[in-house]
Amino acid sequence: MAKIIVVTSGKGGVGKTTSAAAIATGLALRGNKTVVIDFDVGLRNLDLIMGCERRVVYDLINVIQGEAGLNQAMIRDKRVDNLHILPASQTRDKDALSAEGVEKVLDALSKDFDYVICDSPAGIERGAQLAMYHADEAVVVTNPEVSSVRDSDRILGLLSSKSRRAEQNLDPVKEHLLITRYDPERVSDGDMLNLEDIQEILAINLIGLIPESEAVLRASNQGVPVTHDMKSDAGQAYTDTVSRLLGEDVPLRFHEYQKKGLLSRMFGGGRR
Amino acid sequence: MSLNVDRAGSAFTFKGGMLPMTVMELISADPERIREQLAGKLSQSPAFFQHTPVVLSVEKLDEPHLALERICAVCRAHKLLPVAVRGGADPVKQSAWALGLGWFPPQEERTRALESVAPSAPAEAPQPTPEIQGAVGSRIHRGTVRSGQQVSAPDGDLVVLGAVNAGAEVLAGGNVHVYGALRGRALAGIRGDREASIFCHELHGELLSLAGNYKRLEDIDPQLLGKAVQVRLNDDQLTITPLV
Ligand SMILES: Nc1ncnc2c1ncn2[C@@H]1O[C@H](COP(=O)(O)OP(=O)(O)OP(=O)(O)O)[C@@H](O)[C@H]1O
Ligand SMILES: [Mg+2]
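Top line first, the protein sequences correspond to chains R and W. If you're matching positions, the first sequence starts at 1 in my numbering and goes up one per residue. If you're matching positions, the second sequence starts at 273 in my numbering and goes up one per residue.
Warning: the hint list may mix true and false statements.
On the chain W side, residues computed to face chain R include the following (Cβ under 7 angstroms) [stated by the list, open to error]: (1) H413; (2) R418; (3) S419; (4) G420; (5) Q421; (6) Q422.
What the hints contain is simulated information worked out from the structure, not anything from laboratory work. By construction, the Cβ of each residue, glycine as well, lies at the ideal position given by its N, Cα and C atoms.
Construct all of the structure, not just a fragment, from the sequences and the given hints.
Written out as structure tokens, the structure reads:
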């Protein structure tokens, strides 16, 4: 039985797709048979970040509507053996996503895979609720700003009332906080919320902290999940996150602001 | 929110307030059926029917025209005073006004207007029932109350073992105790109990309300923010005192 993990946030553009791709890649690199599903019907971009947009033939909606089999629609990752991508439809209406259809697909995938990662659309409406409904665990992606924290809080409320686990009175969805786009310098300047404040408000377990990083943009332009870029801070931070998801105890990195010395301030320029 | 009239000094002043109000949710529009049920209730709990103001909610009804005048007459005959109608189509609104009653938009719409993100279905919306509740129904909520969630104990004290986050709402007929940070809205004494208090470990509340009187975050002395406090009612004024 696979573990189903939803990557969700409420607020848009905080790094869900980046994180879903990076986490799925990291899990597969560690030998877990993993599939990552794009639930963002109409705005698909997981395939871009995974670098497989040219190989998309069928999508999730085709499978749900019986027009293609799962094995036809799933795309094998070129770089990592155990990794598959199930793309979303760019053209279909998002109402084509039905609760029964999603359930059927997830049930079938659960038999074959160790991990099913669901990349949720933004918002708190149907699409986001369908993506989270079957989750065993949730990675709640949050940026260090008030509106993102508020939306994450809202999503956590929905996870505890509108998920299958909540409705059937099972053990609750295991919730993890993933802080992304963390810029320690701006945090220390007081422009952004700090780690402790976010943790205090959301009151859930911190699974990782991804710094604001140019490596992410580079990676998404190249269609290579940033986890492959182990020289980069973001690549290392996602790798740490995956280790923690697998139950390992890894110390937190990249959250402290290293004040630049006088020389580097004079010669190294100011902010990135 | 309703408008109170204060007769001291100038002819009047307008005040914002939140009065506890019984909502009579109509499931049938038939005045005869309403009469029968009211007669039954009146004999069970006569204490409740003392010209009690009620808001007639017609949201659950799917009828463009209602025998509103007859329904009101039936209510008055049983010592209930309809003061307003909630929901219904335009003809309902017009006849409410013609009868001198207020009209409120359906609850759904109102919550949507009040909040940027409407709770899709408040798990525990407060439903003041027309019966008088004798028993003290206190409630303990474990864990954080999150944005968009509402937790209520209409008939007793509410104890929250955790924080009440911004965008969340906690309500109680009695006291509200928050063993954590209060960042959302807290309403105590929602049925008019002026002795009710709000207690919290860390005050940041968006709104504090006691028996319909309220203070918003911006009305609170900044010195008190972040403190452990008790909020109580003193002559229609909310007083906040640090707990030592
Ligand atoms: N750690 C990071 N450092 C810098 N840029 C980042 C980081 N994480 C994400 N981004 C950038 O933020 C933008 C949004 O990221 P992404 O598409 O992953 O967000 P999303 O939550 O999936 O958005 P949507 O809600 O639209 O689905 C992208 O341009 C991405 O490159
Ligand atoms: Mg996305």
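**Prompt:** Does the CB of W/Q421 sit less than 7 angstroms away from some CB of chain R?
**Reply:** holds, 5 angstroms
**Prompt:** Any CB of chain R closer than 7 angstroms to the CB of W/H413?
**Reply:** violated, 12 angstroms
**Asked** Should the interface hint for W/G420 be scored as holding, given a Cβ-Cβ cut-off of 7 angstroms against chain R?
**Response** Check passed: Cβ of W/G420 comes within 5 angstroms of chain R, closer than 7 angstroms.
**Message:** Interface hint check: W/Q422, Cβ to nearest Cβ on chain R, cutoff 7 angstroms. Holds or violated?
**Reply:** The hint is violated - W/Q422 has no Cβ within 7 angstroms of chain R, the shortest such distance being about 10 angstroms.
**Message:** Restraint: W/S419 near chain R, CB-CB cut 7 angstroms. Satisfied or not?
**Reply:** With a minimum Cβ separation of about 4 angstroms from chain R (threshold 7 angstroms), the hint on W/S419 holds.
**Prompt:** Do the numbers back the hint for W/R418, that is, is its least Cβ distance to chain R under 7 angstroms?
**Reply:** holds, 4 angstroms
Comparing the model with each earlier hint shows violations of hints 1 and 6; every other hint is respected.
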